[in-house]
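Residue numbers (my numbering), protein chains in the order written: chain A, 1 to 220; chain B, 1 to 352.
Treat the hints with care, since some could be wrong.
[Unchecked claim] So, partial list: chain A residues that the calculated Cβ filter (under 8 Å) puts toward chain B:
| no. | residue |
| --- | --- |
| 1 | G14 |
| 2 | P45 |
| 3 | N70 |
| 4 | S71 |
| 5 | D74 |
| 6 | Y129 |
| 7 | R130 |
| 8 | P131 |
| 9 | L132 |
| 10 | N162 |
| 11 | L163 |
| 12 | T168 |
| 13 | E170 |
It should be emphasised that the hints constitute simulated quantities derived from the structure, not laboratory data. A virtual CB, placed ideally from N, CA and C, is assigned to each residue, including glycine.
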Amino acid sequence: MDFKRITLLAGHYGSGKTNIAVNLAMLLRQTRMRVAIADLDIVNPYFRTKDSQYSLEQAGIRFICSEYANSNVDIPALPQTLYAVTDDRELTCVLDIGGDDRGALALGRLAPAIAEENDFEMLFVVNFYRPLTQTPQDALDVMREIEAAGHLPFTGVVNNSNLGDETTPETVLRTAQRTAELCALSGLPLVFTSVHRPLLPALEGKLPNLIGLDLQAKIR
Amino acid sequence: MADKVLMKGNEAIAEAAILAGCRHYFGYPITPQTEIAAYMAKRMPKIGGTFLQAESEIAAINMVYGCASAGKRAMTSSSSPGVSLKGEGISYMAGSDLPGLIVNVQRGGPGLGGIQPSQSDYFQSTRGGGHGDYHLIVLAPASVQEMADMTVKGFDLADKYRMPVMLLADGTMGQMMEPVSLDLSVSEAPEKPWATTGTKLARKHNIINSLSLVPEELERLNNERYAKYDLVKKNEVLYEEFLTDDAEICIVAFGIAARVSKNAVVTARKNGVKVGLIRPITLWPFPEEVIRKAADHVRRFISVELSMGQMIEDVRLAVNGKAPVELCYRVGGMIPTPDQVLDAIENGGAKE
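Please model the complete structure; the sequences and the hints are all you need to start from.
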């Protein structure tokens, strides 16, 4: 899989954006020297990339995140170092955008510079087992709301459908059709399907562009 | 059967409320329960319901009062400091014999406290919380599935007994995601001949009120209400027992503390310790009978709580001096680890 300089992950909250962002940064770091992950979430005070800061920095990934993340100070704030994402064009960046349209609002600040450079991929992460994005049409509605709030168009879809611990290969396969419908409705390609790594062998060959995810354990 | 969905506890409450026929939600945002309001804001307009972000928690609970008076299933949700603000309105609902669901996704306190989980509103919830003699039925779910199930049950119980019901969760339960089946057993709300739905010139006025200035009358109302509470105590106690049959040590824990404790019990059993768990699902009425009976063979009880020790008082009342009751706890947003509970099982918890 080929990735642009900036990969943005957005979608309905709870769709798995943060976990994918962390895994993707790790994946990119295998082939690129200078990789950063930036946390743009201004909505949710829990489940942040900050939980993975230690393992990310151990892997040599630059960590860009508000000082207030995971501090329990529940205020929406962005880090000043965020401008490295657009200023430093040698840096490969993964951007973890907050959930829904409200979460994507913070993206508006960077959107003009990202669009002007035009070396980005903005991925819509969907889990069809989330209650408010169970149908392709519902997912498309969320997609449009995020684009309107974030001022950046999506360029592709990521299928991250899962039922947590109860996910089986069949759970994932059953969403292939809905993913195809979402792609048709939006005119966007399916960029990859992400699954918990232990499920990879059973799905290999049945779905294109699979990525295995490690779950992020909180390390303080 | 329909597919399961992956939900946060807060979302499960909101969707289950809608499935239970609740079309009227009044709230005010506070972490860690804001997803309930956010979910309702998205869903209610699509199904002809009302989502209203009130100007305060006090306004929201009084909107629930008004809506319940009109015979509709209504709810509000908040977290600890916000529930304190609702206290007056909850007391008025109890005093007016109004059904309704109040959700408390607890956070650490007192005061503004923090945004991490807690169970330190046990006293507030089980003793009424506001002024006057009254009780709430208090339901304590321990999984996202139970968040949904208990929400439906809460509306049913509220209507059955004409009293407010509290769903007492905590920040962990609200934020965690688990697969949920939304094939819930939902019953229709019963007829409410007492509701203020308009006389249509065919009946006398219904009056919903908690003001009663004649002391003899107010005493009678209180006695009647407590006769009703006796029925609730007799009929509605819920609990789960886990490996208690031969237990010499018995943990009592609810909600997230019970989940942690269950892990510790499994490990301790592997180590050959005869330990079991009683998980109260209704905190009021409290499952005192099962604990009283367990005290015949249990040599030591441990109350595991995310508080400085509140439920332990009810455990002690039920045990009634037959065995020591120890406390294993964390507070301030911290959660006991299975290892800490295991240590309390094998080496004793904090003693008094």
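For each hint, the structure was consulted:
1. Interface restraint check: A:G14 against chain B, minimum CB-CB distance 6 Å, threshold 8 Å, status holds.
2. For A:P45, the interface hint holds, the least distance from its beta-carbon to any beta-carbon of chain B being 6 Å, beneath 8 Å.
3. Against a cut-off of 8 Å between C-beta atoms, the interface hint on A:N70 is violated, since the closest Cβ of chain B lies about 11 Å away.
4. For A:S71, the interface hint is violated, since its Cβ never comes within 8 Å of a Cβ in chain B; the closest pair sits about 10 Å apart.
5. Evaluation of the A:D74 hint against chain B yields a held restraint, the C-beta minimum of about 5 Å falling below 8 Å.
6. Proximity of A:Y129 to chain B holds as hinted, the smallest CB-CB distance being about 5 Å (cut-off 8 Å).
7. About 6 Å separates the beta-carbon of A:R130 from the nearest beta-carbon of chain B, less than 8 Å, and the hint is met.
8. Interface hint status for A:P131: upheld, as the beta-carbon distance to the closest one in chain B is roughly 5 Å, under 8 Å.
9. The beta carbon of A:L132 comes within 6 Å of a beta carbon in chain B, closer than 8 Å, and the hint placing it at the interface holds.
10. Below 8 Å, beta-carbon pairs count as interface contacts, and A:N162 has one with chain B at about 7 Å; its hint therefore holds.
11. At about 4 Å, the closest approach between the beta carbon of A:L163 and any beta carbon in chain B falls short of 8 Å, and the interface hint on this residue holds.
12. Interface hint at A:T168: violated, since its Cβ lies 11 Å from the closest Cβ of chain B, which is beyond the 8 Å cut-off.
13. Given hint, A:E170 at the interface with chain B, is violated; its Cβ is 11 Å from that chain's nearest Cβ, farther than 8 Å.
Violated hints for the displayed structure, listed by number in ascending order: 3, 4, 12 and 13.
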